[in-house]
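Chains as they are written, first to last, in my numbering: chain A, 179 to 637; chain B, 684 to 785.
Hints are computed from structural coordinates only; laboratory data are not their basis. These figures come from a predicted structure and were not determined experimentally. Ideal Cβ positions, reconstructed from N, Cα and C, are used throughout, including at glycine. Fair warning: there could be bad hints in the mix.
Per the computed footprint, the stretches of chain A lying under chain B, defined by three or more beta-carbons under 8 Å from a beta-carbon of chain B, are [what the hints assert, rightly or not]:
id	segment
1	320 to 333
2	337 to 345
Derived CB-CB ranges, DEER-like [to be verified]:
id	chain 1	residue 1	chain 2	residue 2	range
3	B	ALA686	A	VAL372	27 to 37 Å
4	A	LYS437	B	THR690	24 to 34 Å
5	B	THR690	A	PRO550	21 to 31 Å
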Amino acid sequence: MIPEDIALQQLINGTYIIAAFLFIFGLKMLGKPDTAKRGNLLSAIGMLVAIVVTLLAREILSYQWIIMAAIVGAVIGALTARMVAMTSMPELVALFNGSGGLASLVVGWAALYSTGNSTFTVFTIFLAILIGGVTFTGSLVAWGKLSEVMPSGAIVFGAQRIVNGILLLALIYVGAMLCLNPSTSSPEFYAVIVLSLLFGVMVVIPIGGADMPVVISLLNSYSGLAACAAGFAINNIILIVAGSLVGAAGLILTNIMCKAMNRSLANVLFSGFGAVKTATKVEGEVKPIVAEDAFLILEAASNVAFVPGYGMAVAQAQHVVRELGELLEANGCEVSYAIHPVAGRMPGHMNVLLAEANVPYDQLIEMDEINPRIENVDVAVVIGANDVVNPAAREDENSPIYGMPIINVDKARTVFVLKRSMASGFSGVDNPLFFGDNTRMLFGDAKASISSVIAEFKT
Amino acid sequence: MEAVFLTFILMLSIFLGFELIAKVPATLHTPLMSGANAISGITVVGALLSAGSGHGEISGLLGAVAVALAMINVVGGYMVTDRMLAMFKKKETPDASTGGKR
């Protein structure tokens, strides 16, 4: 290398350190509500710095294609980010994730064209293609399930484990062949791509909708690891640092989600939820209630906790829930929103929806905070949540969700359950809560039900 | 040696990632995830290098495709995170009705 080139390379790597600093600091600030917005901005500036300084690199010979491609990507990204409704956020995160994963796959692919790759480099190229491919198709399947383009339940078939095992062995074999004989025209290379894409589909289809928070955060982690592997493939430090930061962050979130369901990651990934239905059958009488009576109870209450679930997102009921909350507060009642870590379809899903409806975040409280004082809650209003408030998780050892920590709404003085009908929840598990002595069922669309309670308040 | 050096960096970054995220409140899980997702679009840097590298036409074309895909991830990810975070508000105190909400 000529001296100017070395100096330029040093400038680029030095600037990458600044970018890495901005990412790290940005992520740290994202962890506190007060500073989160600035943290995200900081991390975006880090990205801009990294991109701009990379454009100076001596390796880049032509800019024409790059600029066109960058503009196309930026416009698509900006438009979708702007237009999508807050309720479809899980799908959108899955799609963005998928496009990042596919980008890493393609970067790995392109790296195979450069000459003189060591075996270690080819191995990392293989990893970039594998993880990128799994992230891409896995995210697509997750998107399909979340947006209900395809059935959102677990898709399980008899020989699934055998098929996956064979697939994994085949991947290891073609990966090894590629490392021994790296060539972009060999059939092994194309087999790596195809098998990786197929593997991504196979790992996500057996996972049911209620387990989606785990899958989304795991795929998020994968997209970071794919970028990291691509970084090894092209010897680029910023890819490795940023990619592994995201990889680790995603794993932590995945772990939090798994703990919130009292299941191991392996259990989520390999056993279709609801496949075993041996739980004790619950029988009893449900006590329906009408909006007028619900209003009378709420009006007399001095402490109300809303417990939202995925059903609130489906019914788009977050705004009316906030309105009811404000009416109750004006009535001298203490209102809180108790949110289970895995309520909804992605980590923090309910928090985002309630924030959209202008609920201040200090009113959103976590499971560990509400449970010790649940006895003092006059009315717990369960809106479209099921498994996360199912007492069977606490009491029935035969229940598939036994051991999962829940919000103990059944211990509140009164429980209202807003529910469309008596169908069982996503996991297909019966819920004894519905038959409890202190439970009243408010049947119908959650949004319509709450609106009629609000109407009662206003008359 | 290079491989060892890079792996060393990998290990430290992973530990750093664990430390950074471990104590984040549940309220911020979604923005955190989508913000991290945007960072994973860093692969755009690799895409830029391969798009302009002149290792041949196919490599350049692949690079350009990767640039577009990664840019969707980067721009979309940051913008949507920003949009979400703009909605998170503290309870307004009665005397601070104008401004100072954040």
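Quick rundown of the hints versus the structure:
1. Counting residues of the segment 320 to 333 of chain A whose beta carbon lies closer than 8 Å to any beta carbon of chain B gives 0, which falls below the threshold of three, so the coverage claim is violated.
2. For the segment 337 to 345 of chain A, the stated coverage by chain B is not satisfied: 0 residues place a CB nearer than 8 Å to a CB of that chain, which falls below the threshold of 3.
3. Under the hint 27 to 37 Å, the C-beta atoms of B/ALA686 and A/VAL372, about 28 Å apart, fit the expected range.
4. Judged by the Cβ atoms, the range 24 to 34 Å given for A/LYS437 and B/THR690 holds: they are separated by roughly 29 Å.
5. Taking the beta carbon of each, B/THR690 and A/PRO550 are about 45 Å apart, not inside 21 to 31 Å as hinted.
The structure does not agree with the numbered hints 1, 2 and 5 stated previously, though it agrees with the rest.
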